[in-house]
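There are 4 protein chains.
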Amino acid sequence: MSAVHSLQSPTVSLSYNQATPGRRLERIAGLSDGVFAIVMTLIVLEIHVPDAGPIRSEQDLWNALLGLGPRLVTYFLSFLTLGIFWNGQQTQLNLFGSADRDLTWLQLAFLATVALLPFSTSLLAEFITYRLALLAYWANIFLIGLLLYLNWLYATRTGLITKEATPAVSAAITRRIFVGQSLYAFGAVLSIVSPLLSIAFIVFVQLNFAIAPKIPILSRV
Amino acid sequence: MSAVHSLQSPTVSLSYNQATPGRRLERIAGLSDGVFAIVMTLIVLEIHVPDAGPIRSEQDLWNALLGLGPRLVTYFLSFLTLGIFWNGQQTQLNLFGSADRDLTWLQLAFLATVALLPFSTSLLAEFITYRLALLAYWANIFLIGLLLYLNWLYATRTGLITKEATPAVSAAITRRIFVGQSLYAFGAVLSIVSPLLSIAFIVFVQLNFAIAPKIPILSRV
Amino acid sequence: MSAVHSLQSPTVSLSYNQATPGRRLERIAGLSDGVFAIVMTLIVLEIHVPDAGPIRSEQDLWNALLGLGPRLVTYFLSFLTLGIFWNGQQTQLNLFGSADRDLTWLQLAFLATVALLPFSTSLLAEFITYRLALLAYWANIFLIGLLLYLNWLYATRTGLITKEATPAVSAAITRRIFVGQSLYAFGAVLSIVSPLLSIAFIVFVQLNFAIAPKIPILSRV
Amino acid sequence: MSAVHSLQSPTVSLSYNQATPGRRLERIAGLSDGVFAIVMTLIVLEIHVPDAGPIRSEQDLWNALLGLGPRLVTYFLSFLTLGIFWNGQQTQLNLFGSADRDLTWLQLAFLATVALLPFSTSLLAEFITYRLALLAYWANIFLIGLLLYLNWLYATRTGLITKEATPAVSAAITRRIFVGQSLYAFGAVLSIVSPLLSIAFIVFVQLNFAIAPKIPILSRV
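Protein chains in written order, with our numbering: chain A, 1 to 221; chain B, 1 to 221; chain C, 1 to 221; chain D, 1 to 221.
Each statement offered as a hint is correct.
Short derived list, chain C residues pointing at chain B, Cβ under 8 Å:
1. A29
2. D33
3. G34
4. A37
5. I38
6. T41
7. I47
8. E58
9. Q90
What the hints contain is simulated information worked out from the structure, not anything from laboratory work.
We put the beta carbon where it would ideally sit given N, CA and C, even for glycine.
Bound-form chain A, shown alone (with noise of 0.2 Å):
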């Protein structure tokens, strides 16, 4: 995208695309935050309260609640992954010295992908027994990674990165989505088999990016 810029007519676009510079990732930290919040609490959206129609007894109750276990378990997933992304957003983000349009653009994207979550979520859980529910929900978490991975690269490789951003940081987070992805990716062939053994794989490698075992192979990823 830098290409494309400098073939732009330059002083029309530079100064209107560069003026104010400063304050653009306080206000992309502010969104994001906004999106990642509304997104975390509209998941659980999706977890509907039975219908007081037929129920007449705290037995019935209990089974109704009991039915409820496939939403459960996605929002557990989605708010896994919701919050892995966070993080890793959060971690561009500090190591960002200032952000140009293409980067702000790039975000924007970012945040597309992250908003979309609550479809695929919903999805997930009403055809939790299906493999294209659970192949679309994989869909979205390569999005989201994969943006990911283009902000990076496009922030390195235009020098929009701070010094605390050394080639050694910059391999980890790199790699960190790499293993990732394939990890992700491993998953949902894994729905071949069985898309419940997909699911619990993911939320497996999912957990292992949150708590951080002590599983030698898996905490260096």
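Place chains B, C and D on chain A using the hints.
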């Protein structure tokens, strides 16, 4: 509006309305990030998960997901719209030195038109082949753009802008709004031929704003 | 409430409740911006897209959209209400020097009444010719104004305000709330004649707050 | 968890996870304000406007509104709950000097339990005479309190707190959580007698936290 203000009884209004201009811009930015974040997330909610009732196979689910196409197009369209105007408002806010009460209300009016976008988007997705739905959507974009322009006009006329807002920058901001709105209006006129052609044109215009391709005539926008 | 506090066992409560007054105002502002942004956006959701079933022509859609008139009026009304009280709270927050626990709870109570507005708005839109719906809406505005006043009263009595909050400013803030609430109450009484007249009057009062026209008697409000 | 961390391969994880502790607390506060603001607003959405169909007079509407009583009680209850825990989290965040990855995840887990509150609230409102609904609501409050405690425990053990967090302050924070949770648990046990009595008791305990009346035994809480 400044003329209106000067006719007010000065002591009371001034002591109340101009007591604390300091943190106003910060609060406007915070409120705006919240409104944009929510609208960006709500437009996804229009992409409803298919009803589980009639779906009995992976093939059924696939067909049902294909039927969501118009919703995905309008989601994509509205996210681009929101990104463009979020960027536009941010550019202005960064060039404002302070805010008075009238500017605050112009900003609130701008947010009121932004908050209408989930309705327009949903209307367009539900009636994507209807000219009236397209015109209502265009009217919404027009209102957002109009208020963005009025904000800039008011701020420049009352001296609320900083020194960084040179006449060249101001001209670029105004030109950008006018060229953009002219292209949107042309897209709306295209709905006489076909609402779908009209949507395709507007998406094309917005992609130009977002990724700035190297088509010479458009890169000047 | 300060009298209440002085009767508490001082050591425990003080060490817990007054440990960190520093960033409280900032967090209250952040929470408030979030609540206002969500409420501003949610009231739009009451404008439902017409059901596609019975609509077969552009003319049908046009008629259906005309039927949304009351919803648009109540949206406009509530957005004005929110803007007025957002401005009112902001003015106060900027004049507060710090916040204690009681002020924090008074602010939360204020937000609780603001969060009720989507319900009142929806009730009014659904039953726009019913006096009771208008009175419920007015009661909500009254509660918001009452809590705004209680916040100011508490802050001035406990010395939480800054030096900029001179007696003249304080008198202007109090007068503004009282005059506004008197006008709203008069509007509510008008519902005896006609709920629609009542709404028209309240919209007129709010427009006066927002755009401050040059009618001498009202510009002093 | 710190023990777990020390067993990880140090170079990669450290370079990634500890690269940017600086703005973490600020982002956590921003995300938290967003989640609390949305939850505070969503719980109102459970108060549904009466269906217009069977309502033909002011009296009908009045009766329909009276039927919303349980919803209003649960709204009031949940708003108090949210206020108490927003205050509790804020107190802790202000006493944290920095955040590491584990603390960030503990904060996210705290927010995940907060985000469940609209579901619990709605369940309680729909089944207000059922013991199971009350226990589910209590379990949610218990989980929020547990995670608030775990956050404090982790931060004090790993030295992430500031000097202002003296042992006396830390003891007060811990005591407050324990006393509060004991009272909630007692309230839950009361549901054996009657779910409504149980709700009344919990509301009473929460009002004590919020307005701190001068009942000597409770003012020490």
